[in-house]
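Undergrad: Here is how the chains run, residue by residue.
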Amino acid sequence: MIDLKGIKKIYANGDIQVAALNGVDLHIGASEFVAIMGPSGSGKSTMMNILGCLDTPTEGEYFLDGTDVAKASGNELAVIRNRKIGFVFQGFNLLARTTAVENVELPLLYAGVGGKERRTRAIAALESVGLGGRIHHRPKELSGGQQQRVAIARALVTNPSIILADEPTGNLDSRSSEEVMAIFQRLHAAGNTIIIVTHEPDIAEFTQRIVRFRDGHIEGDEIVKNQRTAQAQIIEEGVAK
Amino acid sequence: MNFFESIRVSLRALRANKLRSALTMLGMIIGVAAVIAMVGIGNGATASITAQIQGLGSNLLTVSPGQSNAGGVRGGAGSLTTLTMTDVPKVQAAGPAVKAVAPVSSTNAQVVLGSGNTSTSITGTTPDYQFIKNVSIATGRFITTADVDSNARVAVLGPTVVTDLMGDANADIIGKNIKINNVPFQVIGVTTATGSTGFMSSDDMITAPISTVQERLIGKTTLRSILISASSADDMQTAQDEITVVLEQAHKIPAGKPDDFTVQNQADILASMQGVTQTLTMLLGGIAGISLLVGGIGIMNIMLVSVTERTREIGIRKAIGAKSNDILLQFLIEAIVLSVLGGGIGIVLGTAGSGLIGTALKMSTSTSLTAVLVAFGFSGGIGIIFGVFPAKKAAAMDPIDALRFE
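Residue numbers (numbering that gives the first Met the number 0), protein chains in the order written: chain A, 0 to 240; chain B, 0 to 405.
Be careful, since some hints might not be right.
[What the hints assert, rightly or not] Under the rule of at most 25 Å between Cα atoms (straight-line distance), these lysine-lysine pairs were calculated in the DSS-like manner: (1) Lys-17(B) to Lys-251(B); (2) Lys-17(B) to Lys-139(A); (3) Lys-115(A) to Lys-7(A); (4) Lys-219(B) to Lys-178(B); (5) Lys-17(B) to Lys-392(B); (6) Lys-70(A) to Lys-4(A); (7) Lys-178(B) to Lys-89(B); (8) Lys-391(B) to Lys-70(A); (9) Lys-70(A) to Lys-392(B).
If you're looking for bench data, these hints aren't it; they were derived computationally from the structure.
Turn these sequences into a full structure, and let the hints guide you.
TA: Shown next as structure tokens:
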């Protein structure tokens, strides 16, 4: 699914060259649920950009579904992002004056899907994240957790190869965080490949595998031994109250 | 993404920012409306001057006395008194291209009837004047050869003069005695209103036998002009040449010396007047065109602001798969929609405005289809030209930077 070989990303700042990533090898298989962790400056954001085809590495090979995308042009990257990657951001990044369903339709619009099919698929995606009743709400009329679920629906709607989430719970309270993670766990159970970047260890524990970055290297790569179940957490907290 | 989807995306973005879209369009609206209105007024002026000159008579040639040029001091056209009644029969016999001839002596005079009082121009002439100048009589009759031969004190009034004297253009004035510079004249006819105003109005004048006017009002036998009607429009040049030859002989002008008279062709006057008004139209249109340009720059300005403000939106769109061309098209279409919509509204307002100005200034205005098409095409072109730069800026944005933009 994802194969990174000797990935380097070097930023030139005047005469000084800074290596954000300095030779990263990583394999992520289909249907994995991976957390990327690391302190700020560790290179995890750069990793995220490269994985998400928002940026290309200075050196190295990146095979996504068997094709090398490391040397792709801007427009080719746009097509790959559209077809193979679903993004979820910390700040939700929904279009403000646009309704939930129109936000979810957006990737399909750029994929050239016709109006009727677009609407059907967008509504189905919103229903799958439990927002079937709020399709015509604008982002401002939704809570943070609901906005993030709209963003997840938008990431899902194209049936991407991987869902990339950059600090998806960073702007949410713990209850909403657990709801969002419950959705990710459900999507993972349904066979989706999900990669999330986070600095919160308890969020990372909802995943199967944690890859730790430090100073542009992979410092550790481990299987989560006691994976938490977000749904169980929500129920448990409900009982405690 | 297909073209129609792009248009819908752009329209939605414009609707989201109604006030700004409207203000941006205002620049285009004013620019286009100004062009349409100014060209409309210019065209109207051209048309009304053409109509006035054509209304002066059919196939008309005018002989005027030449300019005096004594001791280097150049007088105005007609400042010499070289045309006299003796020239009239000679012009009449100049050739077959000359159909009718009417000498004109004119002056301005005070006209009194009871308590009514007005100042108008008095034209002394012969019966052929009626044919040459297409004068039509509303009531009574025109002057006759007998009137001219007998120095009759009779006068034909324009409807404006009747209104000025009696307060009503339809008042019965036939047979009444009016005083022109204290000389009593009997009113024998009233001409039909032609609607011409201002410059050489045929409604605000009095026509009387030339003999009476020369003897009683001017005291000179020299002529202001001789009016000639050519047999047909094609004969105008022939008639002009024939008259020139006859008058050069009569006035004993040696070859190579300047004539002491000028023969003016109606078509020449028309052409020179139209030249003036067309220059005026272009000038007005040009000034208005500058405001169109300013409107275009306004669109570019707003689009640039909009691109910066919507950096994050551009980032989101790019992250989820919009190609550079999709973004380019979106912003370009926004600019074009603004300018074309503004242009369309401008055309409507400009047309209405030129009509209103025409009514207010009592002049005819005409909106030319050419001006409408040019203004519309121009506004579309401005949308493209001034939209490309901001759109390219948007399309060239790096999605990572754009997403990070606060």
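Undergrad: Please go over all the hints and tell whether each is borne out by the structure.
TA: Hints and how they fare:
1. Lys-17(B) to Lys-251(B): violated, 80 Å
2. Lys-17(B) to Lys-139(A): Cα-Cα ~19 Å, so holds.
3. Lys-115(A) to Lys-7(A): violated, 43 Å
4. Lys-219(B) to Lys-178(B): holds, 20 Å
5. Lys-17(B) to Lys-392(B): Distance ~23 Å between Lys-17(B) and Lys-392(B) Cα, so the pair holds.
6. Lys-70(A) to Lys-4(A): It holds: about 13 Å lies between the C-alpha atoms, which stays within 25 Å.
7. Lys-178(B) to Lys-89(B): Given pair Lys-178(B), Lys-89(B) is violated - Cα atoms ~34 Å apart, limit 25 Å.
8. Lys-391(B) to Lys-70(A): holds, 23 Å
9. Lys-70(A) to Lys-392(B): holds, 24 Å
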